[in-house]
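A.B. asks: Listed below, chain by chain, are the residues.
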Amino acid sequence: MRPLSVVVRTGCDLFAWFLIVFGANVIIHGDVTPGGGFQGGAVAATFITLLLVAYGGKKVFSWVRPGIFNGMLIFGLMAFFLLGLMGFPNSFFYNFIAVPHEVVQATGHGVIPPSGTIALMDIAVGIEVAGALSIIVLSMFRGIRLFREGPMEEESGHDR
Amino acid sequence: MNNMLHVVVLALLVLSAFFALWFKDLISSVISLAAFSVMTALEFYILQAPDVAIAEAAIGAGLSTTIYIIAIRACGKVKKSDGGDGR
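Protein chains in written order, with the UniProt record's numbering: chain X, 1 to 160; chain A, 1 to 87.
The hints are simulated quantities; they were obtained by calculation from the structure and are not laboratory data. By construction, the Cβ of each residue, glycine as well, lies at the ideal position given by its N, Cα and C atoms. There's no promise every hint is true.
Just the calculated beta-carbon pair ranges, DEER-fashion [claimed, not checked]: (1) A:S64 / X:G84: 27 to 35 Å; (2) X:S62 / A:N2: 45 to 53 Å; (3) A:K24 / X:F15: 28 to 36 Å; (4) X:N90 / A:S64: 34 to 42 Å; (5) A:V9 / X:F92: 38 to 46 Å; (6) A:N2 / X:E102: 17 to 25 Å; (7) A:F18 / X:R142: 33 to 41 Å; (8) X:M86 / A:A71: 40 to 48 Å; (9) X:T10 / A:S29: 24 to 32 Å.
Could you put the whole structure together from the sequences, leaning on the hints where they help?
C.D. replies: Structural data, given as structure tokens:
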């Protein structure tokens, strides 16, 4: 896929970084505002697709290494399972760092109500979804190279 | 006021869905489908589901549009260079 025109590329330069910031904002505030891990991860994964459409595949594949997204996927998944297993004497995903209700009411524990493992789970899911959706788009793009060759190669001595 | 906004958004929804079917150019059709997705996200937001609206705007208007565009580019390559069976 060839890069698009200079208008699209300038717009990509202007707006691509805000996508990352907005996705991180949705992920980090996932326990108190609408959104959460999946939505923020999807917004953050839109960054790589915008780069891919605006700049074409050759440049983007020279910028990023797909192994990074694989690492994000595995790290997010492992963090999710570890967080689930860490509450295990009680139950799966027992909220073991939550401040009890009486303590919150007595001390006025900050402005945001403390949510314990929910916020950490949101961060883990956000990292995992961002990596996974980027991998989907990048490997889909790599798939169209199979059709890109045009006519087949010249016949090279088929009857030797 | 809110009722009027509902009617406008639903009318734009039907209009963009019609244009997604009506365009002969596939890229225009995909862009119209992205507009449909944005209108759906706006409708979700009006109906007080901002959670679903964020997911719809990110996936419907961002990711699936990109995937459609990549697929259309791939198909165009084959058609132009006669990579099929020569028809």
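A.B. asks: For every hint, state whether the structure bears it out.
C.D. replies: Going through the hints against the structure:
1. A:S64 / X:G84: 27 to 35 Å: About 30 Å separates the Cβ atoms of S64 (chain A) and G84 (chain X), which means 27 to 35 Å holds.
2. X:S62 / A:N2: 45 to 53 Å: About 50 Å separates the Cβ atoms of S62 (chain X) and N2 (chain A), which means 45 to 53 Å holds.
3. A:K24 / X:F15: 28 to 36 Å: holds, 30 Å
4. X:N90 / A:S64: 34 to 42 Å: holds, 40 Å
5. A:V9 / X:F92: 38 to 46 Å: holds, 41 Å
6. A:N2 / X:E102: 17 to 25 Å: Cβ of N2 (chain A) to Cβ of E102 (chain X): about 42 Å, so the range 17 to 25 Å is violated.
7. A:F18 / X:R142: 33 to 41 Å: Once the Cβ atoms are compared, 35 Å apart, the range 33 to 41 Å for R142 (chain X) and F18 (chain A) holds.
8. X:M86 / A:A71: 40 to 48 Å: holds, 42 Å
9. X:T10 / A:S29: 24 to 32 Å: Since the Cβ atoms of T10 (chain X) and S29 (chain A) sit about 26 Å apart, the hinted range of 24 to 32 Å holds.
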